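Given chain A, put chain B in place with the hints provided.
Number of protein chains: 2
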Amino acid sequence: MTPRFRPVALEHASRLVNHGPTVLVTSAAGGRRNVMAAAWSMPVEFTPPRIAVVIDKHTFTRELVVASGAFGICLPGTALVDLTYAVGGESGRAVDKFARHGIVATQGPVLGMPLIEAGCAAWLECRLIREPHAEDAYDTCFAEVVAAAADERIFSNGHWSFSDDNAELQTIHHLGAGHFVRAGGVLRAKPLQAPRARGTEGAS
Amino acid sequence: MTPRFRPVALEHASRLVNHGPTVLVTSAAGGRRNVMAAAWSMPVEFTPPRIAVVIDKHTFTRELVVASGAFGICLPGTALVDLTYAVGGESGRAVDKFARHGIVATQGPVLGMPLIEAGCAAWLECRLIREPHAEDAYDTCFAEVVAAAADERIFSNGHWSFSDDNAELQTIHHLGAGHFVRAGGVLRAKPLQAPRARGTEGAS
Numbered sequence: 315m316t317p318r319f320r321p322v323a324l325e326h327a328s329r330l331v332n333h334g335p336t337v338l339v340t341s342a343a344g345g346r347r348n349v350m351a352a353a354w355s356m357p358v359e360f361t362p363p364r365i366a367v368v369i370d371k372h373t374f375t376r377e378l379v380v381a382s383g384a385f386g387i388c389l390p391g392t393a394l395v396d397l398t399y400a401v402g403g404e405s406g407r408a409v410d411k412f413a414r415h416g417i418v419a420t421q422g423p424v425l426g427m428p429l430i431e432a433g434c435a436a437w438l439e440c441r442l443i444r445e446p447h448a449e450d451a452y453d454t455c456f457a458e459v460v461a462a463a464a465d466e467r468i469f470s471n472g473h474w475s476f477s478d479d480n481a482e483l484q485t486i487h488h489l490g491a492g493h494f495v496r497a498g499g500v501l502r503a504k505p506l507q508a509p510r511a512r513g514t515e516g517a518s
Numbered sequence: 315m316t317p318r319f320r321p322v323a324l325e326h327a328s329r330l331v332n333h334g335p336t337v338l339v340t341s342a343a344g345g346r347r348n349v350m351a352a353a354w355s356m357p358v359e360f361t362p363p364r365i366a367v368v369i370d371k372h373t374f375t376r377e378l379v380v381a382s383g384a385f386g387i388c389l390p391g392t393a394l395v396d397l398t399y400a401v402g403g404e405s406g407r408a409v410d411k412f413a414r415h416g417i418v419a420t421q422g423p424v425l426g427m428p429l430i431e432a433g434c435a436a437w438l439e440c441r442l443i444r445e446p447h448a449e450d451a452y453d454t455c456f457a458e459v460v461a462a463a464a465d466e467r468i469f470s471n472g473h474w475s476f477s478d479d480n481a482e483l484q485t486i487h488h489l490g491a492g493h494f495v496r497a498g499g500v501l502r503a504k505p506l507q508a509p510r511a512r513g514t515e516g517a518s
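Residue numbers (this note's numbering), protein chains in the order written: chain A, 315 to 518; chain B, 315 to 518.
Pulled out of the complex, with its shape left as it was, chain A reads as follows:
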């Protein structure tokens, strides 16, 4: 499938990772670049769009992210499951993983991060928000999303659309040890019979 990426409005960017996909974290600094897999990320705010992602302090990615103050988040589809697992298990300190695996990177529009489109459902370009304590104690890096785009065949007008036609772009979710589940089979919640308390929405 040839990517058909379109910009995603920033107010919809957090929706791209709302359902907990495993992602690729891309980075670049001082003429070096890298890509690693990360199962541990989540949105923390819709507006402005902010996310948190766990990047181990011993990784080359962390070194590049701190140096540049930026990183990319790419959402691999099912077609990239082998690549995702491979880049999660090897270091980019001694080798350029993009070159090794023939990964084509496009340049992020705001921060120049390397971003992957072929085989991915979406990407987010992120500016690191320095939080030394959270980074040190929990390897948790907070960031603001400054640009985002998605393949229009699976995300458009601010909404995901999972169907049989876009199985290759459907997100993957790591269970551990190279086993992933695919997100699919859309379920639509129906209102329960119990009366709703009026005016209390959003105050759970």
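Be aware that one or more of the hints could be misleading.
Since the list gives no way to pick one copy over another, a pair counts as held whenever it fits inside one copy or between any two copies.
As the list claims (entries may be wrong) - Only pairs whose alpha carbons sit at most 20 Å apart, straight line, appear in this in silico SDA-like list of lysine to any residue:
id, residue 1, residue 2
1, Lys371, Asp453
2, Lys504, Glu482
3, Lys371, Phe360
4, Lys371, Arg407
5, Lys371, Ser382
6, Lys504, His415
7, Lys371, Arg441
8, Lys371, Ala408
9, Lys504, Ser475
10, Lys371, Gly344
11, Lys504, Gly490
12, Lys504, Ile417
13, Lys504, Arg414
14, Lys371, Thr361
15, Lys371, Pro446
16, Lys504, Ala491
17, Lys504, Gly492
18, Lys371, Arg347
For the record, the hints were derived by calculation from the structure and aren't laboratory data. Bear in mind that the values here come from a model prediction, so they are computed numbers and not experimental data.
Just chain B now, with coordinates in the frame of chain A:
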């Protein structure tokens, strides 16, 4: 399906939320209890098992969690998609949502948190790690998992097992506005042809 919960070893607890499921956050303090839905959570450490979850500072749940220093994380299966969406959209300040929806709660073994087994794949009982800045700036609550259990039909011996036989227990992942995707369709990553750099695993 009648729950068949068995304890999960603490070193395997983070695996329960590794793939980004939407969860139910349960809480109790001062004779009150509550349950809300949360799409935004992630592990931050395997050993000791630690997680982060976003709990808005305006919610009743946050009030109870701060008061007790504890909460539960329950993983609803597909059978609970309507309930999950319902408890995410109503406040527990004026009404006991367990009673309203006929939710049966069991008591957590370490901290006494209300935990849900019927319709859920697993639960984790968590002790809040006070991090006032992260809680204030990002509504992000860090916690250590002190007990965990899972329905043995979908998670046993430290591993998930998704199959046609346990579809009702398969985790759900919120896309937004009541649309969820089900985790299913297991994919097994295969080694890529590119040579692996020896000894570099875990240093991405």
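Structure-based check of all given hints:
1. Lys371 to Asp453: within (6 Å within a copy, 23 Å between copies)
2. Lys504 to Glu482: Answer is between: at 16 Å across copies they meet the 20 Å cutoff, but 28 Å inside does not.
3. Lys371 to Phe360: between (27 Å within a copy, 15 Å between copies)
4. Lys371 to Arg407: So Lys371 and Arg407 pass the 20 Å test inside one copy only (14 Å; across, 40 Å).
5. Lys371 to Ser382: Cα proximity of Lys371 and Ser382: one copy only (15 Å, versus 32 Å across).
6. Lys504 to His415: between (44 Å within a copy, 14 Å between copies)
7. Lys371 to Arg441: Result: close within a single copy only, 18 Å intra versus 24 Å inter.
8. Lys371 to Ala408: Only inside one copy: Lys371 and Ala408 sit 17 Å apart there, 44 Å across copies, limit 20 Å.
9. Lys504 to Ser475: Answer is within; shortest intra-copy Cα gap is 18 Å, inter-copy 27 Å.
10. Lys371 to Gly344: Result: close within a single copy only, 19 Å intra versus 40 Å inter.
11. Lys504 to Gly490: Between. Shortest inter-copy distance 13 Å satisfies the 20 Å Cα cut-off; intra-copy 32 Å does not.
12. Lys504 to Ile417: between (42 Å within a copy, 17 Å between copies)
13. Lys504 to Arg414: between (48 Å within a copy, 17 Å between copies)
14. Lys371 to Thr361: between (28 Å within a copy, 16 Å between copies)
15. Lys371 to Pro446: This pair counts as within: shortest intra-copy Cα distance 11 Å, inter-copy 22 Å.
16. Lys504 to Ala491: So Lys504 and Ala491 pass the 20 Å test across copies only (11 Å; inside, 35 Å).
17. Lys504 to Gly492: between (34 Å within a copy, 8 Å between copies)
18. Lys371 to Arg347: within (17 Å within a copy, 38 Å between copies)
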